[in-house]
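Novice: Listed below, chain by chain, are the residues.
Number of protein chains: 2
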Amino acid sequence: MANIHDIAKLAGVSVTTVSRVLNNHKYVSDDKRTKVLTIINELNYAPNQSAIDLTRGETRMIGLIIPYNNNACFDQLLNGVLNKAVEMDYTVIVLPTQYNKEKEIEYLSKLKNKQLDGMIITSRANDWDAIIPYSDYGLIVSYDYTSHPAIGCSYIDRYSSYLDAFQLLKDKGHTHVAFTTARETESMSTQHLITAYKEVFGTFIPEYYLTGCSCLDDGVAAAKKLLHLPNRPTAIFANGDEVAGGIQLYAKSINLETPRDLAIIGQENQPIGVGLGITTVDHQLTKVGEQACELIIHKSNQKVKVPYQIIQRTSV
Amino acid sequence: MANIHDIAKLAGVSVTTVSRVLNNHKYVSDDKRTKVLTIINELNYAPNQSAIDLTRGETRMIGLIIPYNNNACFDQLLNGVLNKAVEMDYTVIVLPTQYNKEKEIEYLSKLKNKQLDGMIITSRANDWDAIIPYSDYGLIVSYDYTSHPAIGCSYIDRYSSYLDAFQLLKDKGHTHVAFTTARETESMSTQHLITAYKEVFGTFIPEYYLTGCSCLDDGVAAAKKLLHLPNRPTAIFANGDEVAGGIQLYAKSINLETPRDLAIIGQENQPIGVGLGITTVDHQLTKVGEQACELIIHKSNQKVKVPYQIIQRTSV
DNA sequence: GTAAAATATGAAATGGGTTTCAGGTCAAGA
DNA sequence: TCTTGACCTGAAACCCATTTCATATTTTAC
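From first to last, the protein sequence lines are chains W and X.
The numbering used here applies: residue 390 is where the first sequence begins, and numbers increase by one.
The numbering used here applies: residue 390 is where the second sequence begins, and numbers increase by one.
A portion of the hints provided could be inaccurate.
Unchecked claim - 20 Å max Cα-Cα, derived SDA-like pairs, lysine to any residue:
(1) W:Lys501 with X:Thr444
(2) W:Lys501 with X:Pro522
(3) X:Lys492 with W:Leu443
(4) W:Lys490 with X:Thr444
(5) W:Lys501 with X:Lys492
(6) W:Lys492 with X:Val475
(7) W:Lys501 with X:Asn430
(8) X:Lys492 with W:Asn392
(9) X:Lys501 with W:Lys676
(10) X:Lys501 with W:Leu411
(11) X:Lys490 with W:Val475
(12) W:Lys676 with W:Lys688
(13) W:Lys501 with X:Tyr479
(14) W:Lys473 with X:Glu491
(15) W:Lys492 with X:Tyr479
(16) X:Lys501 with W:Leu443
(17) X:Lys688 with X:Pro522
(18) X:Lys421 with X:Glu431
(19) W:Lys473 with W:Lys641
(20) W:Lys561 with W:Glu646
(21) X:Lys641 with W:Ile594
(22) W:Lys492 with W:Asp518
(23) W:Lys473 with X:Asn459
(24) X:Lys492 with W:Tyr479
(25) W:Lys641 with X:Gly666
(26) W:Lys501 with X:Ala440
(27) X:Lys501 with W:Lys473
(28) X:Lys473 with W:Glu495
(29) W:Lys501 with X:Glu491
(30) X:Lys473 with W:Pro456
None of these hints come from the bench; they were simulated from the model.
Let the sequences and hints guide you as you build the complete structure.
Specialist: Written out as structure tokens, the structure reads:
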């Protein structure tokens, strides 16, 4: 394929002029501009993006680190990121880590390699200590709140949202409240959850805390355990509407009616929750994604809190 | 930041040798290799990916053209594409068009600009005539079947799957069968649907065909129309389990029991369908995505048919 | 009428790698 | 001893654009 020099030669101008035409600079005479465009058309020329990126030193590409690519939460986040990116003429690459530390570092290296202008981390495998150094090479925006000044944050006040969810259950008279999470870790999110739980209910009963839940089937399995406990919970706070849906379906199958016999609160306002009438804490992940993308594009390391809302339906 | 020349100078070798070290070529003596690696470490050097892409003439990046980024079907497709891409060390960029023709051409131009090695088109706004020329610059794989030899296909035999779905309803004694679609177009998919319908039921009643459905709420709205028709359908074939779920929920609200009063078949085996017990035609979109990605990576323009399956639950 | 500003153009430096080709050393096999 | 092949190395060409700087010509402003 032709390159800019070929065009220049055939049009009888310098490469500088061709470059100017390509970039719509003013200060190119009409006749030369026309001539160059004609040749470009004739040769079916298109500039090489790698060369452009090389000289410009930027790629207008944003990486999105996610743990798994088949997770409804991250779909919402991606959705938000894409909304903003397309609008601002950026491109998004999706980087699923499976919580593999080396993989995550490999992806972060794309900043250092100048393949990406910025990176959004939705969930991380490495400690911040291992991640921070990469912020020298491009803005990193996190979905976890972190106080480190180099890192931008588009985050949710989870402690507060969990507090609200538990309080809602307490107000309805529930004292035996179980909850589920996805990862079996000491993530901040889980810590907030436990702290909020203790804040509202005082004591924390280990059997009421189930982990490793992320889909409907996990919800069914969780319910199977929780609802046959000698001291069975009367309410469950699930980490997603699909899990909540699974819980509700299993409950129904053993003749426990919602909310009469079992109150359920889900999270993220997913489609299944609408269908099953599940009350949910909507953390507005699409907005979180949009905000994160905006921070990257404006090269801002601000900490932006995105408001959540509780959507009351019929499961509480 | 340092470049390969700086490394070469400080290590006392040529850039060729540094390049060899970076690419793990053999034929570099141990002492030079060690020396080079030491300097690379000291200077915290990382090669510039744009420069590499420029010389290599490839980027190991694959584009995925989708209409909207908030659609469950495309999430499944993306999931599959990512599975394969990560495995083969490729990167995926997501390109939502909103069915805008210019946008789509802009994305296809990324092949010509050598920004992408290949492109997967899940749904297109332009005619093939406008798309084909871009296959000169990188393999295009389509999710629609097309006979054009340049285009690879990872497709579903929709005509056959629709036939099966309608036949299932007919076998259960249904003669008044409605159906929904997403886009109001003459897409191949819709044509197959209508042809299959006529094949099974003979006559085609326009009021039984509703378009513009893609989420649960659309399903509710569709049901609201269909179920109050003077000659109301006894079965509905929806274009997705969320739409099907919406239909079922509305039906229930007006005291129509499934499957007694209304049979429903959904598509794509989405989470909500599990919850509501909706019989579904699973087109295995994740596999379709994986297969599409594989074709791109192997630069194969084969036409691969991915098998579908009907998952019977309780809505028929 | 003249100085300043706007317009127009190109040579050459720059960004940072890969790869071909040519040339060398050294050890194993005939 | 000589040939052959494996091993090692670097100069220079190549990939393809952007941008600075220098220069020249017109306009405009006073």
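Novice: Hint by hint, note whether the structure agrees.
Specialist: Consistency of the hints with the structure:
With a C-alpha separation of about 19 Å, the suggested pair Lys501 of chain W and Thr444 of chain X falls inside the 20 Å cut-off, and the hint holds. Of the supplied pair hints, the one linking Lys501 of chain W and Pro522 of chain X is violated, its CA atoms being roughly 35 Å apart against a limit of 20 Å. Only pairs whose Cα atoms come within 20 Å are accepted, and Lys492 of chain X paired with Leu443 of chain W is rejected, the gap being roughly 25 Å. At roughly 30 Å between alpha-carbon atoms, Lys490 of chain W and Thr444 of chain X are farther apart than 20 Å, so this suggested pair is violated.
Restraint check for Lys501 of chain W and Lys492 of chain X: not satisfied, since their Cα atoms lie roughly 30 Å apart, outside the 20 Å limit. Between Lys492 of chain W and Val475 of chain X the alpha-carbon distance is near 10 Å, which keeps this suggested pair within the 20 Å criterion. With a C-alpha separation of about 13 Å, the suggested pairing of Lys501 of chain W with Asn430 of chain X holds against the 20 Å cut-off. Proposed proximity of Lys492 of chain X and Asn392 of chain W is contradicted: the alpha carbons are some 24 Å apart, above 20 Å.
Distance hint between Lys501 of chain X and Lys676 of chain W is unfulfilled; the C-alpha atoms sit about 34 Å from each other, more than 20 Å. Pair hint Lys501 of chain X plus Leu411 of chain W holds up; C-alpha atoms about 15 Å apart against a cutoff of 20 Å. For the proposed pair Lys490 of chain X and Val475 of chain W, the alpha carbon gap of about 15 Å is at most 20 Å, so the pair holds. Of the pairs offered as hints, the one joining Lys676 of chain W and Lys688 of chain W holds, with about 18 Å between alpha carbons and a cut-off of 20 Å not exceeded.
Taking the CA atoms of Lys501 of chain W and Tyr479 of chain X, the gap is near 18 Å; set against the 20 Å cutoff, the hint holds. About 19 Å separates the Cα atoms of Lys473 of chain W and Glu491 of chain X, which keeps this hinted pair within 20 Å; it holds. Only pairs whose Cα atoms come within 20 Å are accepted, and Lys492 of chain W paired with Tyr479 of chain X is accepted, the gap being roughly 13 Å. For the suggested pair Lys501 of chain X and Leu443 of chain W, the alpha carbons sit about 17 Å apart, so the restraint of at most 20 Å is met.
Under the criterion of a C-alpha separation no larger than 20 Å, the hint pairing Lys688 of chain X with Pro522 of chain X is consistent with the structure, at around 17 Å. Restraint check for Lys421 of chain X and Glu431 of chain X: the C-alpha separation of about 15 Å stays at or below 20 Å, so the hint holds. A threshold of 20 Å between alpha carbons decides the hint, and for Lys473 of chain W with Lys641 of chain W the separation of about 41 Å lies outside it, so the pair is violated. A C-alpha spacing of about 16 Å is found between Lys561 of chain W and Glu646 of chain W, which places the hinted pair at or below 20 Å, so the restraint holds.
Restraint check: the Cα-Cα separation between Lys641 of chain X and Ile594 of chain W comes to about 39 Å, which exceeds 20 Å; the hinted pair is violated. Proposed proximity of Lys492 of chain W and Asp518 of chain W is supported: the alpha carbons are some 16 Å apart, at most 20 Å. A hinted pair counts as satisfied when its Cα atoms are at most 20 Å apart, and Lys473 of chain W with Asn459 of chain X qualifies at roughly 13 Å. For the hint pairing Lys492 of chain X with Tyr479 of chain W, the CA-to-CA distance comes to about 13 Å; that is within 20 Å, so the pair holds.
In summary, the hint linking Lys641 of chain W to Gly666 of chain X is supported, as the alpha carbons are separated by about 13 Å, within the 20 Å threshold. Restraint check for Lys501 of chain W and Ala440 of chain X: the C-alpha separation of about 13 Å stays at or below 20 Å, so the hint holds. Annotation: proposed proximity of Lys501 of chain X to Lys473 of chain W is violated, straight-line Cα distance about 25 Å (limit 20 Å). At most 20 Å may separate the alpha-carbon atoms for a hinted pair to count; Lys473 of chain X and Glu495 of chain W meet this at roughly 17 Å.
A C-alpha spacing of about 33 Å is found between Lys501 of chain W and Glu491 of chain X, which places the hinted pair above 20 Å, so the restraint is violated. At most 20 Å may separate the alpha-carbon atoms for a hinted pair to count; Lys473 of chain X and Pro456 of chain W meet this at roughly 16 Å.
Consistency note: the structure conflicts with the earlier hints numbered 2, 3, 4, 5, 8, 9, 19, 21, 27, 29.
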